[in-house]
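Number of protein chains: 2
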Amino acid sequence: MEKQNALNRRNFLKATAAAAGSLAGLVMLPQCGTAGDTGRPESIHIIGPREGYSPQVGTLVSMLDWMRMVVVNTVQGLGPKELDYLHDSKANTIGAMLLHLAALEAFYQVTTFTNRKELNAAGKKKWQTALDLGDAGRKKIKGHNLNYYLDILQRGREYTLAEFRKRDDQWLMLVDPAFFGGQPTNNYCKWFHVCEHESNHNGQIKWLKSRLPGTRAGND
Amino acid sequence: MEKQNALNRRNFLKATAAAAGSLAGLVMLPQCGTAGDTGRPESIHIIGPREGYSPQVGTLVSMLDWMRMVVVNTVQGLGPKELDYLHDSKANTIGAMLLHLAALEAFYQVTTFTNRKELNAAGKKKWQTALDLGDAGRKKIKGHNLNYYLDILQRGREYTLAEFRKRDDQWLMLVDPAFFGGQPTNNYCKWFHVCEHESNHNGQIKWLKSRLPGTRAGND
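Which chain is which? The protein sequence lines are A and B, in order.
Going by our numbering, the letters in the first sequence line up with residues 1 to 220, in that order.
Going by our numbering, the letters in the second sequence line up with residues 1 to 220, in that order.
Just to be clear, a hint being listed does not mean it is correct.
Identical chains blur together in the list; that is why a pair holds if it fits in one copy or across any two.
Said to hold, decoys possible - Below, in silico cross-link-like pairs of lysine-lysine (DSS-like), each with a Cα-Cα straight-line distance of 30 Å or less:
no., residue 1, residue 2
1, K166, K125
2, K81, K209
3, K209, K90
4, K140, K166
5, K117, K81
6, K142, K166
None of these hints come from the bench; they were simulated from the model.
With these hints in hand, go ahead and build the complete structure from the sequences.
Structure (structure tokens):
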């Protein structure tokens, strides 16, 4: 196993070194994948390190960016009526799900950036309804336009990224001894969940979007 | 920027080195996160390197494993009737979506493990209906039990993992000059998409599951 570990380290270094240059016949990622002074790669479809973040944290950021782009593309152009559309008595509206994404991110900020395990009183007041969804969500989350939701999501994300910039890959691998299912869970897993959870709801949002009154059939 | 790159490299090395030992007061991921000779970490909720894979490829594998576990948990216990349940005339069944996940993985195997850009004739015959879903999917994909779908998913994943073991982090960062939206897209992004796409459909599967005839109200 030690041999394998050494090999793994060598491979990573080799990949990092090669990424700085180029390899005949292959299109390689420029190191840090940046274009000009934007700190972003030439394409959002490059998963990998980002300038301003440690390599693994930056890779996570590239996933979060990619996923958020997908969600924003899905909801682009929806008005308050569509955001409040309730498909059946058990459903959540698209608007409520967008706020739910922001609420979940707020919860994971607490559980990974602080020593607390849950939202404090102010946090609960702000986020609990959107975290829980259900009847209270159906009653309380409505009447907003798209920018209302996108602004909240964006502000939450800016805070996440600012905290990520202060941390390193060692922090990302830190293990909470009992989290998902009471089992050891590292910060990377918690934030990977924040990311894939956006896709989970994106699937539901697309499903609802193709069934908005007056919408032609979709296949979601 | 060069200074930043050097810093990124140092941080990664530091994290890798620290992961091999332990830090007072912190629970750290053991190097490669393995337990005994299983080649797996003590908890599936550890995102990070996996034995037998280069570090970044192994990290991707840990995400794919985690996501697949979530999907399998969602469908556990469903019978053929539930897998064939059609919610409305535009919907896909849960069974069809499971086959769709296997079909998408087969497509990305082709586009990242071979020089081809699409499935060959045999591949299309096998996967096209599940890739497209829609009317043909509603007509053709039915009458199977859960193991039928899980076995196909598992066999596809085993092939993916076998190919991953032959490749390294440099391969993962290779850029296809025109893929998503005709833009540069690396292999990591393609496989991240395979992963988050499972979550997208998991969201829809949960939505349908909570509406199966005779099921109590859910909130998805």
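Okay, the hints, checked on the actual structure:
1. For the identical chains of this complex, K166 and K125 are intra-copy neighbours only, at 28 Å inside a copy versus 51 Å across copies, given an alpha-carbon limit of 30 Å.
2. In this homomeric assembly, K81 and K209 come within 30 Å of each other (Cα to Cα) both inside a single copy, at 12 Å, and across copies, at 27 Å.
3. In this assembly of identical chains, the alpha carbons of K209 and K90 lie at most 30 Å apart whether taken from the same copy (16 Å) or from different copies (12 Å).
4. For the identical chains of this complex, K140 and K166 are neighbours neither inside a copy (36 Å) nor across copies (53 Å), given an alpha-carbon limit of 30 Å.
5. Taking the shortest alpha-carbon separations for K117 and K81, neither the intra-copy value of 36 Å nor the inter-copy value of 41 Å comes in at or below 30 Å.
6. For the identical chains of this complex, K142 and K166 are neighbours neither inside a copy (36 Å) nor across copies (51 Å), given an alpha-carbon limit of 30 Å.
Hint violations for this structure: numbers 4, 5 and 6, all remaining hints satisfied.
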